[in-house]
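Chemist: The chain contents come next:
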Amino acid sequence: MSVELDVFVGNTTIMDEEVYQLWLDGYTVNDAVKVRMEGGVMDECEASKDVLLSDTMDQYRTFQMCERLLHSPAKLANQLLFQIPPHRQIMLIERYYAFDDTFVREVLGKKLSKGTKKDLDDISAKTGVTLKSCRRQFDNFKRVFKVVEELKGPLVENIRQHFLLSDKLARDYAAIVFFANNRFETGKRKLQYLSFQDFAFCAGQLISNWTVGAVGESSIDPSYNMVEDMDVDLDKEFLQELKELKILITDKDLLDQHKSLVCTALRGKTKVFPEMETSFKNLSRGLINIAAKLTNTKDVRDFFIDLVEKFIEPCRSDRWTAADMKLYLTHYTNSAHILDTFKHQVVWDRYMGVVKSCIFKMYHD
Amino acid sequence: MPGKLKAKIVAGRHLPVMDRASDLTDAFVEVKFGNTTFKTDVCPKSLNPQWNSEWFKFEVDDEDLQDEPLQITVLDHDTYSANDAIGKVYIDIDPLLYSEAASVISGWFPIYDTIHGIRGEINVIVKVELFNDLNRFRQSSCGVKFFCTTCIPQCYRATLVHGFVEELVVNEDPEYQWIDRIRTPRASNEARQRLISLMSGELQRKIGLKVLEMGGNAVVGYLQCFDLEGESGLVVRAIGTACTLDKLSSGSAPNTNTHMHPNTAPASNACNSPSKDGKEPVFVEDLPSSSGPPTPFRALPTSSSSPPPFSPSKPCSRQSSSSDTDLSLTPKTGMGSGGSAGKEAGPLRTLLRQQTQTALEQREFPFFTLTSFPPGFLLHVGGVVSARSVKLLDRIHNPDEPETRDAWWEEIRQEIKSHARALGCHAVVGYSESTSICEEVCILSASGTAAILNPRYMREGCLDIGCTDHRFEDPSPPSCGFCHIPYDELNMPFPAQLTYCYHCRRQKVPDVLFTTIDLPSEAAVAGKGCLIQARLCRLKKKAQGETNATAISNLLPFMEYELHTQLMNKLKLRSMNALFGLHIQISVGENMLLGLASATGVYLTALPAPGGIQIAGKTPGDLSNEHISSIQKRINDTIAVNKELYQINPPELAEEGVGSPIPEPRHRSRLFRSHSESSDELSELDLSHGKKDAFVLEIDDTDAVEDIHSLLIDAPPPTGFYSCNTENMPGISNWTSGVQMFTSVRVLRLSNANLTNQGLNKIFTDLCENLLKSFYFKLRSMIPCCLCHLNFTVAVPEEELIQVTVTAVAMTYDKEQTQEKTAEKPVNKGSLEAEEQLQFPLELCADSSSSNIQTASKISGVAESTNISPRAASVDYGSFADRCSTWLELLRLKAHTIRRGSVKTSRRTQSLAHSVSSLERCSPLQEGRSRSLRSSRSFGGSSVTVVKMTPLSFLPGIRIIKYLGIINMFFIRETTSLREEGGVSGFLHSFIAEVFAMVRAHVAALGGNAVVSYSMKECVFMENPNKNQAQCLINVSGDAVICISETDQESSASTANTGQTGGGGTDGAT
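Protein chains in written order, with numbering that gives the first Met the number 0: chain A, 0 to 364; chain B, 0 to 1069.
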């Protein structure tokens, strides 16, 4: 005796959020039943294991049927097959596009290609996220990437409108797309301590300040206004201009002047002042060199590793506190304005504004 | 040429990719009606084509308009090869044919393909212009409204109820035509879908004609069914109740008035009365008043004359019609005997009865498919009448003609009619018909509730007299009148224990009442109701033709008997005394028969309290006493728990008063009875049945123990849940807005080849119980909630497969309010009734004893019904074999059909006059818990209307303002890639979801936002896993309506609707 067929269909589609999460997390039906049993659902309504199994299967089937719609969430709202209340639709979409930080950390900056997809089982083993869930998340990244790639206009807004995601999630996806597009290196050992949220923050900074579509950018040709990928690619012109900053380290006078201005401002305000004074030139060279090299795609990829190697690590070995770091970078940036021979204030602010906030974010254990 | 149909194809969306190379589709549309076809332009390379076509115009007869669906086919244009079909949409334009309903059909329809399911959507606008029909011999019946709802629809008032209409059409099943061997499955499925659509249209038109002929303008309780007979054809048949309905001016009338009140009916309607009934208007009006004073009234049932005598000829005629398959080919000749029996009885009855009787007798079938009635319509209810007949389909002489089937149903209906008459009733209410087909064997079943109706509703002019209200209220107070026995207690059609009504103390009531109707809204109940099911499997040998048919018809009575016993036991176990909405389904398979009886149990305060259940060994010491006493204890505990659970605690006020009129109950430790017992034994038995006597179960072998265990298996619903299979949940009326309709299908494969009946029963019972458990679990977020209208359908699709299909609706209610209500009502009424009751103690005493004797002596004539009569005092739990032998003898003489009345008596006085509760019927819509479910959500300019569905005739907190017409849709889905679609479950799951989606889309296109009285009539599932194939046929129906939230409406119109608006703020009415 066996149950050959068992279905339950509601006019309003019934979906249990807990089961949905288990499905998204890639649990098999049997594992999901186990988890639910441990969770104590059985006590409600005197359910038995069979009841739970049947319910879980029904829900899994429903989710599978919905999955196609979730791939283009806009369809969910005007499809006729499932009658789902709007707030539920939002929940379904938001959860479907949610991802594990540990997983995304592994693929961040990698090409969203078939090759990467093949490595997903390794990532699954490493992160403990089930392969099924890894695939879903990876496919989501890829799908969002593909769609926004062809769209004009602001990246975050495009993602939000097209996938009906919350602002937060849309921003995270923007970061993922941005990283994937520019292939930033994030996997090196030295970067391991950084979380996805650290990178997402940095990506947000880069997107809103260094790309063509960046706000307040006046130097752009008006015809550029709605170019493709305006949020995804860094502003080439800006990158060129960054080369001009080299003067801050190549001009001996300027470098000394800059150092003395900074040191004057910092003296007595921090315990690590001596170390700051000693390493000023090195640190400054580090930051400016990073800026100057950004015209090379290869060096763009290494942006974060460079920041860590050239700046964060030396500071950390000198035991700067986060407050020290803040103090230093603020004065470092501001002092440059006082240098009368330094003409590239706009580019400098645009560069340092982002670098400063990135380093603040990245300066932790 | 009286009609012009216009259609415009606007756009498509979400189309499938038909051209792999471009990942796009070059779609165009064919619009076909009758033999005329139009085409749109091709919209190249788009998955969201905009056609914006011209108006395609079809000039057609209105006859065709009624029969034909508009057929829209979406195709992919292909330059070099044949165009590929994407899918189709069939639009039934019937709703456009009556003036009040929809004026335009416009909206997005799912494009459906029988192989691929839904493939995108298409936006269509359809209009109809009707010209005046000049032809007086017309064949069309445009304008007759159809309702699936089995009560008078909200926002209408019935000025006249004309009665039964039926029709049946037959055609060759395309699946069995020779051409099917060479055409594709898709073509075959589409031919079938189209044919059934055509046949349904034709059927509806023909029924409409009959209604017009009777002078009516609507069919209520329209029930249409398909019989897939296989080789011999495809039958579409329908029954309904013809009425003349008046639309209440919108908004102004409170819902309660929807149920017509005789005195409010306008005089102008007199002329509408059907020609058939108009003949005897004379004194009907006066008679009821004459029965007002207690004495004449009592004379009614006691007069020695009344029930139709059981002339020897009668049982025979009954037998010939139902039981004997072998004879099924000879048309029944004995019809006259049934009829004459009634006539003989006629003159002997009181005038009142005579009058109504004659009025009704003039109709061929005084049947009503309605299950709930306007207050005052039902005078008395006799009990359930049912008839079954086994037929051989391969013996139909002229399979393409309806005559044979017509004759079959005619026979069954005659039998039902005669059963009703035997119960002293002149009408059958809550009437329904069904079939079960396996290979060439077909079981036809019909059942209903014998009743006496208020004659005023039956004849011309009666409705106009406004002053009569109090005349009726006197003899039968609304809260208990329907329980009073309609038959003569001296000549009871079956042995029953009668007592004086615990409510009014004036008339006799049975101890138990079984009916197929809904609980009348004015009935007084204690506590809450609950779903009661009896389930049964019987193995049979595989056989062919007549042998098979005989085997089946031999098994039927046993099954009925056992189902009945189970129901009875379970009813007692729940401490209840009445069943409503009883539906017994017997389904036939190659090697087994399945029986499933569902009903809603309730405690009627007018009937006596049920005694307990007492366990007894066959002979003392047979089984260890310990064992028996432990079972007894379990049973007692269960009863106590159930009383608590269903809050059955009627006040004991009347106890003393009751004591005197009823003969001292003889307490016997044990009752013994077998069916072969002689009549004096039986009489002894009946006498022994004092009111306090327990219902006795005997244990004499292991089977009996099993049976008792299985009795106790039924788990009560978890806290916060109630369940019923009727429209109204007894004891709950304060619905809140949560509504969730669902369909669930489960198929079980029996792997074990040598199963016993017992084992099979267990499996079947578990299957049903587990389904219920699943529902409770899934719907737990709706607690406190009630599963209403639980409709179970069983089938044996193949050998070793059992299929159970359930459709129901879960509705949330407000716990607090319920309790208040129950608490306050009983008291005052109780004391009032107690006084009245004291007036007739003596009479009662005499009557009840004499009636018992009467019954006993009559036993030979009615043995067949005795055996299964609900009040059978003790049920023999002897082995099956024993029962068989004793039974067979009786059966040879008696019919297989079973008639049940229910009768009896008890104390109990208070009425929880839940008449207020009847307001439940007010309101509609609300799906799921979320009130945020707004009617539409827009994206990219499109929106989807939220369409609520319910099998009930109402939605809580919401008021129906317009009926748009019936939805009657038939779909076939087939797959040749079963595994890829997620196996059988995946396949059926998506199909059911698709069916829902198509129903919703059609309703939305009519401008509606809800479907009431929704039901899934048919769900035939066939699979062939080895070939990776499966096929499923689904037929659904319901009434499309527009409804608005009660709260909204109150602001606009001054409705005194109490409505438990419970936050109905939902649903955007269109």
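By construction, these hints were calculated from the structure, which means they are not laboratory data.
Mixed in with the good hints, there may be bad ones.
Stated by the list, open to error - Using 20 Å as the maximum straight-line C-alpha spacing, the simulated SDA-like pairs for lysine to any residue come out as follows:
(1) K761/B <-> D49/A
(2) K642/B <-> Q613/B
(3) K74/A <-> E798/B
(4) K761/B <-> K325/A
(5) K187/A <-> D305/A
(6) K48/A <-> E768/B
(7) K145/A <-> S21/B
(8) K48/A <-> N769/B
(9) K539/B <-> M0/A
(10) K761/B <-> S1/A
(11) K961/B <-> Y97/B
(12) K309/A <-> K145/A
(13) K74/A <-> S45/B
(14) K48/A <-> S780/B
(15) K761/B <-> V2/A
(16) K245/A <-> R94/A
(17) K258/A <-> T332/A
(18) K360/A <-> T296/A
(19) K246/B <-> L211/B
(20) K74/A <-> N122/B
(21) K145/A <-> D22/B
(22) K325/A <-> E308/A
(23) K209/B <-> L247/B
(24) K48/A <-> R779/B
(25) K74/A <-> R12/B
(26) K141/A <-> G152/A
(27) K33/A <-> L211/B
(28) K74/A <-> K642/B
(29) K74/A <-> D22/B
(30) K131/A <-> K48/A
(31) K761/B <-> K145/A
(32) K48/A <-> F776/B
(33) K48/A <-> P717/B
Chemist: Hint by hint, say whether it matches the structure.
Modeler: Results for each hint:
Of the supplied pair hints, the one linking K761/B and D49/A holds, its CA atoms being roughly 16 Å apart against a limit of 20 Å. A distance of roughly 17 Å separates the Cα atoms of K642/B and Q613/B; the hinted pair therefore holds under the 20 Å criterion. A hinted pair counts as satisfied when its Cα atoms are at most 20 Å apart, and K74/A with E798/B does not qualify at roughly 43 Å. For the proposed pair K761/B and K325/A, the alpha carbon gap of about 76 Å is over 20 Å, so the pair is violated.
Distance restraint check for K187/A and D305/A: the Cα-Cα separation of roughly 11 Å lies within the 20 Å cut-off, and the hinted pair is therefore satisfied. With a CA separation close to 14 Å, the supplied pair K48/A and E768/B stays within the 20 Å bound. Restraint check for K145/A and S21/B: satisfied, since their Cα atoms lie roughly 18 Å apart, inside the 20 Å limit. Restraint check for K48/A and N769/B: the C-alpha separation of about 11 Å stays at or below 20 Å, so the hint holds.
With a C-alpha separation of about 19 Å, the suggested pairing of K539/B with M0/A holds against the 20 Å cut-off. Proposed proximity of K761/B and S1/A is supported: the alpha carbons are some 14 Å apart, at most 20 Å. About 13 Å separates the Cα atoms of K961/B and Y97/B, which keeps this hinted pair within 20 Å; it holds. At roughly 34 Å between alpha-carbon atoms, K309/A and K145/A are farther apart than 20 Å, so this suggested pair is violated.
Of the supplied pair hints, the one linking K74/A and S45/B holds, its CA atoms being roughly 16 Å apart against a limit of 20 Å. Note on K48/A and S780/B: the hinted pairing holds, with a Cα-Cα distance of about 19 Å set against a maximum of 20 Å. For the proposed pair K761/B and V2/A, the alpha carbon gap of about 15 Å is at most 20 Å, so the pair holds. Between the alpha carbons of K245/A and R94/A the distance comes to roughly 47 Å, so the proposed pair goes past 20 Å and is violated.
Of the supplied pair hints, the one linking K258/A and T332/A holds, its CA atoms being roughly 11 Å apart against a limit of 20 Å. A hinted pair counts as satisfied when its Cα atoms are at most 20 Å apart, and K360/A with T296/A does not qualify at roughly 24 Å. With a C-alpha separation of about 17 Å, the suggested pair K246/B and L211/B falls inside the 20 Å cut-off, and the hint holds. Proximity of K74/A to N122/B is assessed by CA-CA distance (about 16 Å); at most 20 Å being required, the pair is judged to hold.
Between K145/A and D22/B the CA atoms are separated by roughly 16 Å; this keeps the pair inside 20 Å, and the hint holds. For the suggested pair K325/A and E308/A, the alpha carbons sit about 18 Å apart, so the restraint of at most 20 Å is met. About 25 Å separates the Cα atoms of K209/B and L247/B, which puts this hinted pair outside 20 Å; it is violated. For the hint pairing K48/A with R779/B, the CA-to-CA distance comes to about 16 Å; that is within 20 Å, so the pair holds.
For the proposed pair K74/A and R12/B, the alpha carbon gap of about 10 Å is at most 20 Å, so the pair holds. For the hint pairing K141/A with G152/A, the CA-to-CA distance comes to about 19 Å; that is within 20 Å, so the pair holds. Taking the CA atoms of K33/A and L211/B, the gap is about 62 Å. The hint is violated against a cut of 20 Å. For the hint linking K74/A to K642/B, the alpha-carbon distance of about 51 Å lies beyond 20 Å, and the restraint is violated.
As the CA atoms of K74/A and D22/B are separated by approximately 18 Å, the hinted pair is consistent with the 20 Å bound. Proposed proximity of K131/A and K48/A is contradicted: the alpha carbons are some 25 Å apart, above 20 Å. Restraint check for K761/B and K145/A: the C-alpha separation of about 56 Å exceeds 20 Å, so the hint is violated. About 11 Å separates the Cα atoms of K48/A and F776/B, which keeps this hinted pair within 20 Å; it holds.
Annotation: proposed proximity of K48/A to P717/B holds, straight-line Cα distance about 16 Å (limit 20 Å).
Taken one by one, the earlier hints fail for this structure at numbers 3, 4, 12, 16, 18, 23, 27, 28, 30 and 31, listed in ascending order.
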